[in-house]
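Sequences are here, hints too, so could you generate the full structure?
Here the sequence shown is numbered in the working numbering, starting from 173 and rising by one per residue.
Don't take each hint at face value.
[As the list claims (entries may be wrong)] DSBU-like mimics (lysine-lysine), calculated; alpha carbons at most 30 Å apart, straight line:
hint: 1; residue 1: 199; residue 2: 213
hint: 2; residue 1: 196; residue 2: 460
hint: 3; residue 1: 451; residue 2: 415
hint: 4; residue 1: 435; residue 2: 456
hint: 5; residue 1: 415; residue 2: 405
hint: 6; residue 1: 219; residue 2: 304
hint: 7; residue 1: 304; residue 2: 315
hint: 8; residue 1: 246; residue 2: 335
hint: 9; residue 1: 315; residue 2: 254
hint: 10; residue 1: 324; residue 2: 270
hint: 11; residue 1: 375; residue 2: 443
hint: 12; residue 1: 451; residue 2: 324
hint: 13; residue 1: 254; residue 2: 178
hint: 14; residue 1: 196; residue 2: 246
hint: 15; residue 1: 254; residue 2: 335
hint: 16; residue 1: 451; residue 2: 435
hint: 17; residue 1: 304; residue 2: 456
hint: 18; residue 1: 185; residue 2: 315
hint: 19; residue 1: 199; residue 2: 261
hint: 20; residue 1: 185; residue 2: 246
hint: 21; residue 1: 270; residue 2: 456
hint: 22; residue 1: 219; residue 2: 270
Everything labelled a hint here was simulated from the structure, so no lab data went into it.
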Amino acid sequence: MENVEKIIEWLCKIENAAFLIYEKASKAFSGDEELSSFLQKLAEDEKAHLGYMQKAFELIQGSGKAPHVIAFDKNTVEFIEKRFSACEKVLETDAPTKKDIFNFIVETEFSEWNTLFLYVINVLLRSHVELKRAVINIHRHEKSIERFFESKPELSEYRERLKTLHKIWAEKILVADREGIICDVLKAVLDDEANVDCAADGKTALEMFSATYYSAIISDYDSLRMDGIEFYKNAILKFPACKDRFIFFVDVLTREQWDFFRKNNIKCLKKPSQIKDVKKAVIKILEKKSE
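Structure below.
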């Protein structure tokens, strides 16, 4: 337990330092509204991460035991702390550059810092499922960084560096599709956003959904017929909070279907849909914060 406690204490210090760095950087680049807003969002994320670590520390204290699996590596700590210290010094000057903050983001956000964060969460996840939100949050934090660099052609240097770094966690999407066609399409369309698992019927989909957390569930209404609806009903019966994570593909939208989707506030996409519309609908669910 002592080893995990030390990691958590260090992570609390680092998450707080990251929050302060991003908040200060947001103000330093207030002249660039988009960048400033992006940095402020990162600051808010780090504040949330600090809260998760503080909660983890409370839970560890109360449990009295935790597996000693990951070593608290001195070299990793020094590497990360040096980069934090360098960025803090740069922000104390009158002229911090965008390159300084971009380098800091790439060098630290995809380092062992966040891997240690997930290690702590996973140690506690089996007995404290409420911490699953922390795993989702850290991944979305990472994805927001990737999307920012991908949206700027002039930042190709950083995009290339990000491609070589290990993804710490991947969103998972479940597709219920008897014929497998939609699943194949979504695997191609959403490859850069999430891992896609497929189920050929509602029963299998429900079994997979019960065993694994899926950030979004996409069902082909037509090929599954009412089986897809039964899957939805059974899923929300077991996990009420998942009702906002469903998307249905429909061919011809009947009055019965329309009434069902409207009544349950379910997103539906008409076949065929444009790639941008499919990605937009899925990303909206992936980015949706829990209430």
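Checked hints:
1. Distance hint between residue 199 and residue 213 is fulfilled; the C-alpha atoms sit about 12 Å from each other, no more than 30 Å.
2. A distance of roughly 26 Å separates the Cα atoms of residue 196 and residue 460; the hinted pair therefore holds under the 30 Å criterion.
3. Using a Cα cut-off of 30 Å, the hinted pair residue 451 and residue 415 holds, with the two alpha carbons roughly 19 Å apart.
4. With a C-alpha separation of about 20 Å, the suggested pair residue 435 and residue 456 falls inside the 30 Å cut-off, and the hint holds.
5. Restraint check for residue 415 and residue 405: the C-alpha separation of about 9 Å stays at or below 30 Å, so the hint holds.
6. Proximity of residue 219 to residue 304 is assessed by CA-CA distance (about 17 Å); at most 30 Å being required, the pair is judged to hold.
7. At roughly 17 Å between alpha-carbon atoms, residue 304 and residue 315 fall within 30 Å of each other, so this suggested pair holds.
8. With a C-alpha separation of about 26 Å, the suggested pairing of residue 246 with residue 335 holds against the 30 Å cut-off.
9. Pair hint residue 315 plus residue 254 holds up; C-alpha atoms about 25 Å apart against a cutoff of 30 Å.
10. Proposed proximity of residue 324 and residue 270 is supported: the alpha carbons are some 13 Å apart, at most 30 Å.
11. Between residue 375 and residue 443 the CA atoms are separated by roughly 24 Å; this keeps the pair inside 30 Å, and the hint holds.
12. Pair hint residue 451 plus residue 324 holds up; C-alpha atoms about 19 Å apart against a cutoff of 30 Å.
13. Taken as a hint, the residue 254 and residue 178 pair is honoured in the structure, with Cα atoms around 19 Å apart against an allowance of 30 Å.
14. Annotation: proposed proximity of residue 196 to residue 246 holds, straight-line Cα distance about 28 Å (limit 30 Å).
15. As the CA atoms of residue 254 and residue 335 are separated by approximately 23 Å, the hinted pair is consistent with the 30 Å bound.
16. For a cut-off of 30 Å, the pair hint linking residue 451 to residue 435 stands: about 24 Å separates their Cα positions.
17. Taking the CA atoms of residue 304 and residue 456, the gap is about 19 Å. The hint holds against a cut of 30 Å.
18. Proposed proximity of residue 185 and residue 315 is supported: the alpha carbons are some 23 Å apart, at most 30 Å.
19. Only pairs whose Cα atoms come within 30 Å are accepted, and residue 199 paired with residue 261 is accepted, the gap being roughly 15 Å.
20. At roughly 15 Å between alpha-carbon atoms, residue 185 and residue 246 fall within 30 Å of each other, so this suggested pair holds.
21. Using a Cα cut-off of 30 Å, the hinted pair residue 270 and residue 456 holds, with the two alpha carbons roughly 29 Å apart.
22. For a cut-off of 30 Å, the pair hint linking residue 219 to residue 270 stands: about 22 Å separates their Cα positions.
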